[in-house]
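S.K.: Here's the letter readout for the chains.
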Amino acid sequence: MSNVPSREKVLRGLFWKLLFRGRAAHDAAGHKRRKQTGLGLTFALYCVFGLFPALAAFWCQPLAFASSLHMVTLLFASLTLASSVGTMLFVREEAEILLHRPVAAAELLRAKCAVLIAFSLLLALALNALGLVTSFWNEGNTPFFAIVHVFTTLLLMLFSAALIVLVYNVCLRWFGRERFENLLTLLQTLVTILMIVGVQIMPRLLDDEVLRGVDPSSALALLAPPVWFGAVDVLLCGAMPPAQVWLPAAIGVGATALLAWLAFVKLGASYGVGLLAIGESASPAPERMQRRRLPSLVARAPLRWWLRDPIERQAFLLTSAYLVRDRETKLKLYPSLAPLLVIPVISVIGPAGRGKAGPQAFLATFALAYAAIVPIQAMMLLQRSEHWRAADSFYFTPVPHWGLLFHGARKAVVCWLAVPAIFAIASVLAALRGQWTPLLMALPAVLTVVVSSWVPGLFAAWLPLSKPNDAHKVGALGCLVFGGVMFAAIAFGGLAAWMDRLGFFWPFLVVGLGTALLLQQWFARIVAARRWRNALD
Amino acid sequence: MISIRGLTKAFGGTIAVDALTLDVPTGQILGLLGPNGAGKTTTLKMLTGMLAPDAGTALIQGVDIRTHPLEAKRLLGFVPDSGAVYEALTGLEFLLMIAALYGIGEQEARPRIRQFLDFFDLDGNTLGGKLLGAYSKGMRRKIVITAALLHNPKVVLLDEPLDGLDANAAVGFKALLESLAKDGKTIVYSSHVLDVVERVCHRVAIIDKGKLLVDGVPADLIKQHGASTLEELFTRLCGITGAAARAAEFAKTLLP
Numbered sequence: 001m002s003n004v005p006s007r008e009k010v011l012r013g014l015f016w017k018l019l020f021r022g023r024a025a026h027d028a029a030g031h032k033r034r035k036q037t038g039l040g041l042t043f044a045l046y047c048v049f050g051l052f053p054a055l056a057a058f059w060c061q062p063l064a065f066a067s068s069l070h071m072v073t074l075l076f077a078s079l080t081l082a083s084s085v086g087t088m089l090f091v092r093e094e095a096e097i098l099l100h101r102p103v104a105a106a107e108l109l110r111a112k113c114a115v116l117i118a119f120s121l122l123l124a125l126a127l128n129a130l131g132l133v134t135s136f137w138n139e140g141n142t143p144f145f146a147i148v149h150v151f152t153t154l155l156l157m158l159f160s161a162a163l164i165v166l167v168y169n170v171c172l173r174w175f176g177r178e179r180f181e182n183l184l185t186l187l188q189t190l191v192t193i194l195m196i197v198g199v200q201i202m203p204r205l206l207d208d209e210v211l212r213g214v215d216p217s218s219a220l221a222l223l224a225p226p227v228w229f230g231a232v233d234v235l236l237c238g239a240m241p242p243a244q245v246w247l248p249a250a251i252g253v254g255a256t257a258l259l260a261w262l263a264f265v266k267l268g269a270s271y272g273v274g275l276l277a278i279g280e281s282a283s284p285a286p287e288r289m290q291r292r293r294l295p296s297l298v299a300r301a302p303l304r305w306w307l308r309d310p311i312e313r314q315a316f317l318l319t320s321a322y323l324v325r326d327r328e329t330k331l332k333l334y335p336s337l338a339p340l341l342v343i344p345v346i347s348v349i350g351p352a353g354r355g356k357a358g359p360q361a362f363l364a365t366f367a368l369a370y371a372a373i374v375p376i377q378a379m380m381l382l383q384r385s386e387h388w389r390a391a392d393s394f395y396f397t398p399v400p401h402w403g404l405l406f407h408g409a410r411k412a413v414v415c416w417l418a419v420p421a422i423f424a425i426a427s428v429l430a431a432l433r434g435q436w437t438p439l440l441m442a443l444p445a446v447l448t449v450v451v452s453s454w455v456p457g458l459f460a461a462w463l464p465l466s467k468p469n470d471a472h473k474v475g476a477l478g479c480l481v482f483g484g485v486m487f488a489a490i491a492f493g494g495l496a497a498w499m500d501r502l503g504f505f506w507p508f509l510v511v512g513l514g515t516a517l518l519l520q521q522w523f524a525r526i527v528a529a530r531r532w533r534n535a536l537d
Numbered sequence: 001m002i003s004i005r006g007l008t009k010a011f012g013g014t015i016a017v018d019a020l021t022l023d024v025p026t027g028q029i030l031g032l033l034g035p036n037g038a039g040k041t042t043t044l045k046m047l048t049g050m051l052a053p054d055a056g057t058a059l060i061q062g063v064d065i066r067t068h069p070l071e072a073k074r075l076l077g078f079v080p081d082s083g084a085v086y087e088a089l090t091g092l093e094f095l096l097m098i099a100a101l102y103g104i105g106e107q108e109a110r111p112r113i114r115q116f117l118d119f120f121d122l123d124g125n126t127l128g129g130k131l132l133g134a135y136s137k138g139m140r141r142k143i144v145i146t147a148a149l150l151h152n153p154k155v156v157l158l159d160e161p162l163d164g165l166d167a168n169a170a171v172g173f174k175a176l177l178e179s180l181a182k183d184g185k186t187i188v189y190s191s192h193v194l195d196v197v198e199r200v201c202h203r204v205a206i207i208d209k210g211k212l213l214v215d216g217v218p219a220d221l222i223k224q225h226g227a228s229t230l231e232e233l234f235t236r237l238c239g240i241t242g243a244a245a246r247a248a249e250f251a252k253t254l255l256p
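In the order they appear, the protein sequences are chains U and Y.
Just so you know, our numbering puts 465 at position 465 of the first sequence, and the rest follows in order with no gaps.
Just so you know, our numbering puts 186 at position 186 of the second sequence, and the rest follows in order with no gaps.
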C-alpha cells in the first residue's frame, strides 16, 4: 500500500491529463498533437505579450516595474484561468464518476485548482520570461528579483484562483443551477471582453506617468493587487526599504491567505453539492416559460412566413433551444462571438477611430466586416455538440435534403444572433459618436449577414449539432473563407459609406438588396445541388 | 448489509423519496423496481452519498453514509445508469485511476483488471490504446462495471447494469452477481427489466412516488397478490391497468 499515491495526487494527475487531452477525445495521438501545437503557440504568444511590461524595466522604478509585470500577468494568465475554471470545475457527468467513490469534495476542488494554478503559472512564466531577463537592467533593482518574482507570480496565481473559485462557489450557492449556468456564460464572455479591452489599453497604461513611479503608500497601491504583489517582490529582494512597502505587501499576502481559506477550506465542502446540482435534471420555472415562448413565436407571423417548411421550422427551434438552453453551447458560442462585437467598438474609442478615413467609413467598414463573420463563426460552432450522436435521427428519418436543416439553423443564427448583434454594435457606436449614421449603416450590414450565413453550407453538407466537439476545426479553406468574407464585407461597407457621403445611400441599399437576393438564389442552387446521401459518412 | 430508515428526499415541492425504510442483509440481491420517476435512482444516489437526504439514515455495513461518507464509500461499488466515464482516458488509465482512489496500487490493480478483462472478453490492446470516447456502449458499460467491482466492495449498487451489454456478457454478469451474493456481498439491483430482476434477485422492493409499496420474495409476492407474473403484479401496483386494451385503443388512433 505504501507505493499507492495519495488520492489528491491521483486526481491531480487525472485533471492534468484531461486539461491537455480534452474531455471527449477519440484519437489519442492526433488529438494530443493538435493540443500540443495549440499550447506551443499560446506560450509563444504569451512571451510576445510579455514584451510590453518587460520594456518597462528600462524606465520604471523597481516597484512600478514589478507591478507592471503583475498587472499583465493578472490580466492574461488570471483571465485565462477564469475562462477555464467554469468548464473544469463543473463537469455535468463528473458526479456520477467520482462522487460515489471515497473522494471528498474538497479534495476534488483542491486537485482541480492545483492543476489550474500550475497551468496558469506556466502561462504566467511565459508572460514574465522577458521581464525576468530585463529585470537585470532595471535601475535600483537587485539580482534576486528574478527568483523572488517567480515566487510572487505563484502567489498571484493562488490569489486569482482562490478569488475565482470563491466567486463561482458563492454564485452556485446563492443563485441555483439554472441561473448559475447563465452566470457562467456571462462570466466567460466578460472575461473574453476584458482580455480584448486589456490588449487595447495595456500599451497606453504602460506609457502613462502613473506607472513610471508608484507611490507604495497611495490609495492605488493599497487597492491594486498588482502593486501588492509588486511590493512583495521589492520587499523580498531588498530593492526598496521595508518601511515603505510592508503595508501593500502584507495586504497581498493576507488577502491571498484569506481567499484561499475561504475558497478551498470554508466553501470547499459545498463544492460537491454544486457539482451534483449541475447534473440534476430538475429545471426551475423560468426556463419552462422560455420553452413555451419559443414555439409560439415560431407559430406567429413574421417567423411563420419565414419558416414555411416544417423541417426547417424544427431545425430553427432546435438551434434556438441550444442557443438559449444548452450550457456547453452557450459556453463556447458567446465568449467566441464577444470579440467580434467588441473589437469594432474598442477600435472606435481609441485613436484609430479618429483616422483619416472619417468616422462613417470607418464605422461601416469595421462593424460590417466583423458582423459578417458572426453567422459563419456561430454556424461552425453550432455544428458541434456533446449531443452529436442525436444527429443520427436526421439520417434515419425521411428528411428529403440536408438543406432544410441547414436553413432552419441558419435562420435561427441570423434571427437571434447576427441581426441583434449588428443593431447592438450600431447602437453603441451611435451613442458613442452621437450620430445616427451607425444605425443607418446597420441596414447594409443586415444584408451582409444574411448572405454570409449561407457560406458554411456552400462547401459541404451542414447539419446542426452533428459533430463531436473535438472534431477537426478550422482548416486552410476555413481561414480563406473567413478572410474572403471579411474582405467582401469591408469592401461593401466602404462602398456603403462612400455612397452615403455622395448622397446615394438609399439607391445603393436597393441595389444591395437586389444583389443579396441574386446571391441567395445562386447559393440556394449550390446547396440544392449538393447531394443528400441520407447516410452517415 | 444495508439499513435504510425513514430516508426522505424532496426536490422543490416534489417528494422523490418518502420515508423509505428497508434492510438488505448480507448475501442478498434486492431488486429495486418502480416506474419512471419512482425514486429508485434518488434512493441509490443517497445510498452512495451523492445526494444528502433531507431526513432518515442509510447505513452501509453499519457505517452511516452521512456522518462517515468516506468510510462508507470505501465499502460500496456503484454502477450508475449513465455509464459516465472520462472519455479522454484509455480504459486502462481510467481503471488504474479508479483503483488508486480506493488505495489500490498499480501493481495490485493490473492483475485484477486483467481478470475482469478476461471475464468480459475485453481486448487488452483496446483497453490500453483506445480512448474511452471511442468505445462502444457495451464496452463502456463493461469498464464501468469493472470500475465498480475492482476494489472488491462489500455492497454493490447497480442502476440498470445490463444496459448496452450483449447477451453473452449479460448472462455472464448475472451469473457473477449470484456468485458475489453467495460470497457474502450485499447487492441492490435497480432495473426496469422485470424478468431479469425476477430471475436474478432474491427479493424485490417495488416503490412508486417515493413510497415503498411491497417488499418480499418475488414468488411469495406474486402469490399474495394473486398475480401470475411479476410484471402483472408490478402493473397492478403501479396503477397501470388494462395495458393491452389501452395499447390496442391507442394503435387504432394511429391508423389513418
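There's no promise every hint is true.
The calculated lysine to aspartate or glutamate pairs, modelled on EDC-like cross-linking and capped at a C-alpha distance of 16 Å, are [what the hints assert, rightly or not]:
#, chain 1, residue 1, chain 2, residue 2
1, U, 17, Y, 93
2, Y, 154, Y, 93
3, U, 9, Y, 93
4, Y, 209, Y, 18
5, U, 9, Y, 106
Hints in this document: simulated from the structure, not taken from any laboratory.
This one's a predicted model, so the numbers in the text were calculated from it and none came from an experiment.
S.K.: Quick one, are residue 9 of chain U and residue 93 of chain Y close enough, alpha carbons at most 16 Å?
M.R.: With a Cα-Cα distance of about 14 Å, the restraint between residue 9 of chain U and residue 93 of chain Y holds, given a limit of 16 Å.
S.K.: For the pair supplied as a hint, residue 209 of chain Y and residue 18 of chain Y, confirm whether the alpha-carbon distance does not exceed 16 Å.
M.R.: holds (8 Å)
S.K.: Does the structure keep residue 17 of chain U and residue 93 of chain Y at a Cα separation of 16 Å or less?
M.R.: Satisfied, since the Cα-Cα distance of roughly 10 Å is no more than 16 Å.
S.K.: Given the hint that residue 9 of chain U pairs with residue 106 of chain Y, test it: the Cα-Cα distance must not exceed 16 Å.
M.R.: Holds, at about 14 Å.
S.K.: Holds or violated: residue 154 of chain Y with residue 93 of chain Y, Cα cutoff 16 Å?
M.R.: With Cα atoms ~24 Å apart, residue 154 of chain Y and residue 93 of chain Y exceed 16 Å; violated.
Checked against the numbered hints given earlier, the structure breaks only hint 2 and satisfies all the rest.
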